Structures are given as C-alpha cells and as structure tokens.
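Those protein sequences? They're chains A and B, same order as listed.
Numbers 1 to 252, taken from full-length UniProt numbering, label the letters of the first sequence in order.
Numbers 1 to 366, taken from full-length UniProt numbering, label the letters of the second sequence in order.
Hints listed in this document are in silico derivations from the structure and should not be mistaken for laboratory results.
Among the hints, erroneous ones may be present.
[Said to hold, decoys possible] Restricting the straight-line Cα-Cα distance to at most 27 Å, the calculated cross-link-like pairs of lysine-lysine (DSS-like) are:
(1) B:268 to A:106
(2) B:62 to A:72
(3) B:264 to A:77
(4) A:105 to B:307
(5) A:53 to B:106
[What the hints assert, rightly or not] So these bits of chain A aren't anywhere near chain B, every CB distance computed over 10 Å:
(6) 37
(7) 46
(8) 50
(9) 70
(10) 73
(11) 74
(12) 78
(13) 90
(14) 92
(15) 95
(16) 107
(17) 118
(18) 194
Note that the coordinates shown come from a computational prediction; the quantities given were computed from them, not determined experimentally.
Note that the Cβ used here is the ideal one computed from N, Cα and C, for glycine as well.
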Amino acid sequence: MQVNVEKVELSYGAHQILKGIDFQVDKKKFVGLIGPNGSGKSTLLKAIYRVLKPDKGAIFLNGEEIEKMPYKTSAKKLAVVSQHNYYNFDFSVMQVVLMGRAPHKKNLERDNAHDYEIAQNALKTVNMLDFSNRIFSTLSGGEQQRVILARALTQQTPCLILDEPTNHLDITYQLELMDIVKKLNATVISAIHDLNIAAMYCDEIFVLKDGKIYEKGKPREVLTRDLIKNIYNVESQIVDDQDGNMHILFLK
Amino acid sequence: MSRKGKNNGETRVVTTLEFTIVMVVLLVLLLLSILTSITFGNADISVKEVYSVLANEILHLKGFENYSQGSIHDVVWIIRFPRVILAIAIGIGLSVCGVVMQAVVKNPLADPYVLGISSGASMGATLAILFGVGSGIFGGIFGSSFVGVMAFIGAMVTSFGVLFISNIGGTSNAGKLILSGMAVSAVCSAFTNFATYIAHNQNATLSITFWTMGSLASADWDDVLIILALMIAGTFVFWSQYRNLNLMLLGDETAVVLGTDLSKLRNKYLILSSLLIAVAVYSAGTIGFVGLVIPHAVRMFYGTDHKRLIPLCALVGAIFLIWADVACRIILQNAELPIGILISMIGAPCFIYLMASRSYGFGGER
C-alpha cells in the first residue's frame, strides 16, 4: 500500500504542531520517523490513523482519501501498534487478539473458526501462542506489546503504523518486535526514538523538526554527524562494524 | 472457572463449554427459584396448594379446577406470581444496564444509581404523582402511564446532564463522572423531597416513599409481562453489541483503529439503558447497587468479555432479585421490608468488600 501525506497541518488550540507535512511512503517500504520530543511524530501518526483530524491537507491510501472512508474501511488498510497500552481488565490474550477481526465483521456477525485461525497464526508469528489463554493484564510489558502486535496482524492490513512501540521495553524485546515487523513485508511507518534501531531496520528515514519534514532519505544519507547535531544538539560519531552496518556513538 | 486456581498471575480462561454449562445451570436455578420463591410469604398456604394453583393456571390440568378462584388462588396467582416475574424483569434490567453503563463511561463505578439516573427517574415520577406534571401533555396520549413517561424523561435528562457536566472543561474522567452523578443525584433528591414537603398530600407522600425505597408489591398481570419482554429484548440488543461494548473498554483511540466510532454508539446505548431504567423505576421504584454488585461479582469469575458477561449478569441478577424479594417478604412479621432498603443494606457492604479485596478495575488483575 502506498501512503501519501499532503500538506497536512494540525493544531492543538492555538499551538500549531504540524506545519505542512508532505511525503510519500512506497509500497512495502519500512519508513522510520525520527525527531526530538515535541517535534510532532505522534501527532502526525495519529492524523494518519484517524484519531486526530488535520486542519488542512489530506492523507491518501493508494490514492483514496482517508477522511472519505468509513472507519471500518480504513481499519482494513491500516493497523496500529501504539505506545505501551495499559489495560486494566480481564480480557484473555485470545480475546484481545480476536478484536483485530472487528473491522472485518458485520454488526451481528460472530467470530468463526476462520477468525480463530487468523488470530492463532498471528500469535504464532509473535511467539505468543502459548499465552493465548492467559489474562492480558497479567503479562509483562514486552509480552503485552507483542499481543497488541498480534492484534494488528489479525486485522490483515497492507500497512502497519508503529508509534514508538518499543518504548519501555528492554533491548531483547525491542529487537524481537522490530524483527517480527521487518519480516512482515508490509508498508510500515514507525516513529522511532532510538537512532541505532532506526538505522538497523528502516529503508528510509524521515526527520521531523518543529512540525516540518527536515530531511528524508536512506539511513546512511540522513543520519550524519551534522544532522544529529542540528536536530538533537548532541555530538556524535558514525562508525561501521566489521559487517558494514552503521552505528551511532554519542559523545560528551 | 473460578480464579482460585491461579498462581503467579496465571489464570485459566473460561472455555465455551464451561460457559454453556454455567448458563444452563443458571437457567435451571432460575426456574427452581421461581417455583420455590412462590411458596414463601405471609399468608399461610401449603406448598401443595401453591402448586395446585399453578397446575390449574399454567398447565390447565384437570382435577385442579377448584383452585381457579378463591383467596388461595388470588394470593398465589394474582399477588405472588406476577411479583416473581417483576423481580426477574427488574433484576435483568438493572444488572444489564449496570454492565452497559460501566462500558459506556469506561468506569467500573458506573451504575444507574451512582450516576443519578434512578434519582432522575424518581423525581420525574414524583412530580407526576404530586402535581400531575405532564398529565396535560401525556395524559391524553398515554393515560395513567404518564407517570412512567415522566420517569423516563427524568432518567434521560439526568443521564445526559451527568454526561454533559462531566465533560465541562475537558474530557470526562472517572472522578468527574462519579462526582457529577452524585451532584445531579443530590439535586434530584432535593427537589423530590422539596416537592413532597410542600405538597402536604399524605397519599401522594406514601406513594413517593414507595418510589424512593423500592418495592415489587405493585406487580400485577396488566404490565409485568410487557416489562419482562422489554427487559429481555433490551438484554438481547445489548448482547448483540458485545463487540462494541468490549471496544468501549479499550477506549476511543483503539476503537477507531479497529474501525468503530464510539461516540454515536455511546449515546444510543445510554438512551436505551435509560429507557430500561425508567421502566424499572416506574414499576419498582429506585433499587440501588444491583447494577454495581452483580456485574462485578460475575466479572470476578467469568471475565470482562461482554459476549458472556451480559447473559450471565441477566440470569444472576434475576435470581438475586427473586431471593431478595423473598427475604423482604419474610424478614418482618406481618409486614414487608422495601426491597431497596434490603439491597442497599446487603449491597453496600458487598461493594466495599469487592473494592477492598482486589485491585479495582474491570475485573483486572493488578
């Protein structure tokens, strides 16, 4: 799925967060969105997944304007894993994952064997099948995020949006979750805090600063000493390991 | 499956088979409760006589014709039986509306009583009884049931009032909602009391006492079946909406992501549950805590999934109210305890126990 964002502006009250954002994400590309706190990453993603409505501009999925679709239609095209979800209720893991089938269901339609199969496959993909009868709220943060990812997979969408999904997760779970997403071969737009993770997984990186796209391109082109200094005001050094992968070291 | 088997936060989930068995057991219990409860009461009637009346009225069996009239027939068939039916209807209505309101406002403390909707309904009814408010408008159309119409209007106005007040100055949250419910409830009670005080009408005061304390004594065949049918229909409507009710607990953002816009649904559900509450208040006065205690007790054992929660709550609520009403009939000798008083006496401590014994949430583990 191709995602186009055109001249999107968005304000909270008098405070303008997004000041005209334009970009295109090509089919099956993994795009990372980086930028300092308050640069508008989450707001931009929320506009794409329709929790916030842009004041100006529009968002298109394969050329179709998202605002003109019923919510059910957009939920069949976009799935979302957002920052850590704190749920406090007694849903089982399976019940949470099955909710991903909601957009595919008519009003009175019940979940059938096919839905269970899809949910089970999603749980298998995120290595959580053994947990399907556990109560969601008893899981650890990393396990919960993987279940939420499974729910997003159960929606069977061509595009996945991740809003700093690995926040609060330790490095094992961060890498595991990103590996799973990378293997999906879907169009992915992900806000990422950790620049090294962004460099490892992204096909393309968009840098957001003060509500505008400051730079975009391949990780190696974008993540330079100058850019990091300009965006984050931190000195850094870019090094390559013996496999030729880039790493960013932050200097004092 | 009860939660006793859990260790290290590991909890087994109730399977579909277990759910089906529990539903069947509850249905059987409900039937047994109907048949047993009907033998309790102040009038001294033997069990055999009670069932003879039922054999004649329901099964039309030959040989029981002499039970087709007389005082025994009247007590069993005209007084006790409709009352049990009304208890079922009210139990279903209050429990299911409790579940729905808790989902609609995403707050485990919501219930028709806490949110002031019951008080609103009884204020409407009071004004109608005392001053004939609304009788001019509705009297022509609805006849004597304009009292019910006023109860409905009172319920609607308070439920939207509470939602509106809790949304002033930012989105509503748990605390604001409960506080605005309390405030609106207090205002309604004050007006109800004020009206009662200045009216100096002893008959009316008595019937208003009935509204505020709650009683099933007014049950008669003219309307119990309609009320029961309404409550059951409402339950099925909400049962069919289980997916949306589940989504409501996840919040608006997640619901949009999963393809559902909740804001319109929320109003629809609130209107329908206010309607059911108004009917309940109209026929039995204000009975608190049922909508709070029953859903919580059921969630403790069977989880939050509304696909199961709604039918289970309906059955448990019905059985609970039948026996609460039996207790009201036999606790005091030669007199009857208003059921609202009894349930508050039992319900409030139960509620405190639920709150203290577990981390508070939608049945969530910590």
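Going through the hints against the structure:
no., hint, verdict
1, B:268 to A:106, "18 Å, holds"
2, B:62 to A:72, "60 Å, violated"
3, B:264 to A:77, "23 Å, holds"
4, A:105 to B:307, "15 Å, holds"
5, A:53 to B:106, "23 Å, holds"
6, 37, "20 Å, holds"
7, 46, "8 Å, violated"
8, 50, "6 Å, violated"
9, 70, "8 Å, violated"
10, 73, "8 Å, violated"
11, 74, "7 Å, violated"
12, 78, "8 Å, violated"
13, 90, "4 Å, violated"
14, 92, "4 Å, violated"
15, 95, "5 Å, violated"
16, 107, "8 Å, violated"
17, 118, "14 Å, holds"
18, 194, "24 Å, holds"
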